[in-house]
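**Student:** Given the sequences, and given the hints that come with them, work out the whole structure.
Protein chains in written order, with the numbering used here: chain A, 367 to 519; chain B, 606 to 1248.
Calculated from the structure, these hints are not laboratory results.
Every value quoted in this text rests on a predicted model; they were computed, and no experiment measured them.
Here a beta-carbon is modelled for each residue, glycine too, at the ideal position from N, C-alpha and C.
Each hint should be verified, as a subset may be incorrect.
What the hints assert, rightly or not - Only some residues are given here: those of chain B computed to face chain A with a beta carbon under 8 angstroms: (1) Thr-785; (2) Tyr-829; (3) Leu-939; (4) His-942; (5) Glu-975; (6) Gly-978; (7) Gln-982; (8) Leu-984; (9) Glu-997; (10) Gln-1004; (11) Arg-1006.
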Amino acid sequence: MKKLVLAVVVVSFIAIPVSSCLAANQKNTGCGLGSLIMQGNDGLAFQVLAVTTNGTCGNQTFGITSGTLNCEQPKKFVSRETINSYVADNMDNLANDIARGQGEYLNTLAVLMEVPEGSRADFYALLQSNFSRIYTSPQVSSVDVLSHIESLM
Amino acid sequence: MGTAPGRRYGRNIARILFPLIVIISCIFFSPPAFAQDPPYCEELLEAARRQKLHDDRYWHILMHYQQRIIGIESLIDDPNFFLAPDGKTNPVSELEATIRAFFAPADNENASAVCRFAARFEWLTEKLGIDTGRLPVPACRSFENFMEANRPSSVTLAFPMAHLNSPASMFGHTLLFIETADRSKLLSYSVSYSAVTNETFGPFFAVKGLFGMYPGYFAVLPYYAKLQQYSDVDHRDIWEYRLNLTEPEIRRMLLHIRELESIASDYYFFQENCSYLLYFLLEAARPSLELSQRFHGWLIPLDSIRAIQEQGLITEASYRPSRTTKIRHLASNLDGHGQEKALALAKGDVQEGTFSQTDLSVQEQRTICELAGEYLQFLYTKRRVPEETYQERFLRILQMRSALGISSENGLSRAPVPLQPDRGHHSNRVSLGAGIKGDDAFAEIRIRPAYHHLMDYDGGYVEGAQLVFADVALRYRPEDRRLFLERLDVIDIFSLSPRDRFFRPISWKLSTGLFRVEADHDKDRLVYRINPGAGFAFGNNTEGLIYTMLETDINIGVVLEKNYSAGMGGSAGAVGNLCRFWKVHAFVRDIYYSLGDTRNFFEAAVHQNFVINPDQSVSIEVCRSRTHDIYQTEAKALWNLFF
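**Tutor:** Okay, here's the thing in structure tokens:
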């Protein structure tokens, strides 16, 4: 009964068509800042109808083995897939943490790069003070970011 | 002398021939299964029958079998999940088909039943003592490799809460994530059940979600991917509840998750939703849990967290603020001047000398940069900044921040932790009380299954947000001994979202249901109402909110002239906590109905709520209204119980 009534009300609205899918920029040399473009469900009418389905789109089922969400990776780095995927998928949050010298995304990078716990404080300070050497341009790619970081160590 | 030997001869031939004929016909005409079951398979099938494994609770958990009025049915709808043609409704034939499937040769390990139904395989191996060396595929090596490489160590339940300005999403979502031994939380594997669709048309989206018309799938993704969606883009605060599942239990859960890979099940928003399907994963880990069978018709995610808590699974809870919460918190650490600077930075006014002419402390400068960066990211996810501009500006802001060193004041950067959602009031509410309307006294009883009202105690809920479903109010008038329906709110949503420098949301409301209007002949009658509104709100959650809204109202009912009435108007009000347990909402509303049954309706009201404990409160409401130039006062007091 509740569902039926809700459905009646819901259908009585002519809602703004809304897309709830992730779309992505395909770049050839890894991902840059802001590369995952998200479209939000912010039409008012849509909000009334709620996120009844927590909709995800057909292209995301099992991502364990593939690792990356949407960015292409150059083939020669296949052996370091996990770190590459991580940096590629989290460009913006990681850059933010490196600039601050702290944060969860930075911690995770340290774990992946196997930086021993005792050396992490120095590692973070090192990255922060060399921010411009890591992020050399607004279009810097994840692959370059990682190699710049490695050249500092 | 000729017949007796002849007949004996004939009988001998018959004795030899007859069995031969039987054997030959068995070979050629018997059903394939009987002809091909190896003896070891037969042995296992016999053992399974003897142990009555088809009745075993764990078998029912793995198969998602539910008792129906007649018989048993699996909740899973995908035919790929079943090995027997009647597997969805027949536990016996599915069990036997599963055992037989282990003996089927396979080209590659991943296509074999041993891998595809790894949880079933492991359970049956244990129960029947299967000698796996006698099977074509002795183990699922790809699964074992995964377990070795990752060493899953703990499971956490994540609960993303409501979107900003979206009370309809207040029900939230639940998903699990599985952490591995030496990695960080961000790299853990999230397991989330949701409907998969490329649908873009709003109403279809909701209706189909309600009626099981979308397939639901389990998606396994790195947790950071889910965070990008929920925390960064959707701007939902997330609560993370760590569970006490042991490593063998986690292994069993992962085996079952593996079985559900790419398997579809019809998604029903109220029933077979994200939370209900998670119950099966938890029970696969620990069959002694009593979760899925306690289902009573609908399942709200927050209630599922309470159920999981009651089963003793939760060890600790931690709070992860969304981007918008972080922005609000960072802004609260700055005065107006600091906030303006951050806003200017985010909008592109980034100059080298931004901080040189000021007397801002280093910490303030850091906060300004961080706030500018977060806010710029917010603008980008809302597509208010193009990509190239975003990249350039973001980088410059981060460069500025990187020159300011590391903050040692960690406390400042962390948003204050609100009350855990499962410690707020329960979802169902019943109210009892009495009042006077005009000259008539009445007693009132109200009942509502979901979810949260503006006046309810806010702890654990998003403030300023109201989502009410199916709220029924019955009244009894002793004077004429009448029991009648006073009001039925089908939905009543109210979203007050304050505007400030950084966020400019439009507050809104939608109310629909049956309620009483004063008809022309001085009697009140029920009509059906649809009442949307939109407007602005200002203030904050500590000091209170003031708002103003434009509203339209459509009433449909036989008691109205021309059977309907439609109009426009507005409302304005203020709501806030006078102290921790006392909330007040005062408002005025005026609607002029110019179409159909024309009339003017005005009301001024004060509602108060006193919190006794999270699950009990007292409401006092006083309202003075005017319709058709007739004034009326109504006052009532209700005791509210949440359960």
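**Student:** Could you tell me which of the hints above the structure violates, numbers in ascending order?
**Tutor:** 1, 3, 4, 8
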